[in-house]
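Enquirer: Under the UniProt record's numbering, the first residue of the sequence shown carries the number 1, and numbering increases by one thereafter.
Think of the hints as simulated: they come from the structure by calculation, not from any bench. It is possible that some hints are incorrect.
Each pair of labels, with its calculated beta carbon distance range [as the list claims (entries may be wrong)]: (1) GLU346 x THR115: 39 to 47 Å; (2) GLY412 x TRP235: 28 to 36 Å; (3) LEU261 x THR209: 33 to 41 Å; (4) ASP255 x GLU346: 37 to 45 Å.
For lysine to any residue, the following SDA-like pairs were computed, each having C-alpha atoms within a straight-line distance of at most 20 Å [stated by the list, open to error]: (5) LYS173 x PHE198; (6) LYS252 x ARG143; (7) LYS96 x ALA57; (8) LYS95 x ASN295; (9) LYS432 x ASN316; (10) LYS21 x LYS59; (11) LYS203 x ASP216; (12) LYS234 x LEU206; (13) LYS210 x LYS173; (14) LYS173 x LYS184; (15) LYS210 x PRO231; (16) LYS210 x THR229; (17) LYS377 x ASN316.
For clarity, every value in this text was computed on a predicted model and none was experimentally measured. Beta carbons: idealized from backbone N, C-alpha and C, even for Gly.
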Amino acid sequence: MMNYRRIRSRRYKEIIAVFTKHGFGLLVKRLRLPYSLRSKNRILDVGTAPDTAGASAGKRLKMALEELGPTFVKLGQILSIRRDILPADIIEELKKLQDSVQPFPFSEVKTLIETEFNDTLGNIFKEFDEVPVAAASISQVHRARLISGKQVAVKVQRPEIERLIDLDLNILKDMAHLLDHHTKYGEIYDFSGMVADFENTLKNELDFTKEGENADTFRLNLSQDENVTVPKVKWIYTTKRVLTMEYFEGIKISDSAALDLAGINRRKIAERLAASICNQILRDGLFHADPHPGNIQVMPDGTIIFLDLGMVDCLNESRKRAISNFFIGVAFKDSRMVVNSIFAMEAATARSNVKSFEKDVDALIEKYLTMPMNEMKIDKLLQEIFHIAFLNHVKTPCEFALLSKTLITLQGLLEKLAPDLNALVIAEPIAKKLRYQLLSFEKMGSGIKKSLLDYWSLLGEFPTAMQSLLHKAADADFAVQFEMKEMDKLQRRLERIFNRISFSLILLAVSIIIAGVLVSSGLSADTSNEMYFFNITVLKIGLASAAIIILGLVISMIRSRN
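Model the full assembly from the supplied sequences, consistent with the hints where possible.
Expert: Here it is in structure tokens:
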């Protein structure tokens, strides 16, 4: 424990020293760090190192992050799309961050594999290339051949990387807490929440079994798409720190010259890629959050291969609906729908200037009104929305930030493959289709059923909760003191709550009855006239009865308020 504290303290001081060296000492000072960290190495000196003097803040930040290693490089890559947090000049520098490092020695690769499988490398693989085909901050990939003769790609985790990342994440949590409580930005942004999201993303990247599970899910989802796939996982040769998959030797998707030489239609590849990523987001709710050129290959027959599924994001139904509405709002240039879709993702804060945000988005959409859809660029639009959010203290949900990173990367690839192709044009019909599906009877019925179950659960729990409260009130150790005027307020509030619950339950019940009659009748051409008029009569009686019940309930509410 004491050893860990010393290691943590040493790393803390290293991080502070690096940021200070690159000219961020004033920011460090504002964090109000413990004296034990501030007192040594003159870390509050706000000067810059000789080789960074005169450099822009963005360039100095990029250099500091690269010097601090993988955790901070990945943090910088995620921040590179957060225009709601950082100014444009810093964003442009962070976009240049590269997750590439020198490979670690083959002897360490061999030791790790033999430790993971408790066997010799020769008993596991028939052949194993000592020189990696790719090396990054967390892992490197080697080409190998199984005993069966099957060629595979073996991804091996960098030794000690998990320990370093855990250490850095704990320090980042401390820094986020200090930013939340000792800077004005802490009142606007949930830095601790951002670090928690970042931690979850990194922890998933460190567990190769999760990446394998992602690959299996992606393969299933992408089976609906033409000529798009993911390598199969060889689970018997996979652990938390070693991932073995099919080996594909395709063309890097950004290598236009090689694609042309192979006779591959770049426009078709661009359309296929855009449709696949839009379907991942809007249809599947599980998308590749790091689709840079090194993670996408094209086979000679035009099949697109997605690689490295460590960084993915999963969207629930409400998020899918909000994002679908965002694209539809953009397609129809409906600023109200765009704003509502953003706020549906819990983007408002206590300091958000909602009216100003709506006005600014309206002005932005107005600017695009006369612009044809194929000329609107999703990357430019998202960057402008992030900037507007920044000005109006509207936070960006983690999912929307990762989604934006994916779409901005996609648009960059499209511009290389087919400059006139637009991601928004591809996304629009997919978003509309999803919206129709979400408004289907099946989906609506499922939603109504869930709401009814929630209300039923609430009503079922209420007597027990009230009984528990009364027992506590009768206990000699439980003292309750109210002024009568407060009691009256509480009574009125409870009455309003019960009235709303009752009203909601009746409306839900009426909705189900009406839907049931409509569906059962079919209202179709093959339904007999007698049955049709019978159902219409039942429907009218049901509506009249519901109207009387609701009217009675409203009168009861008015009387109770009086």
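Enquirer: Which of the numbered hints are not met once you compare them with the structure shown?
Expert: 13, 17
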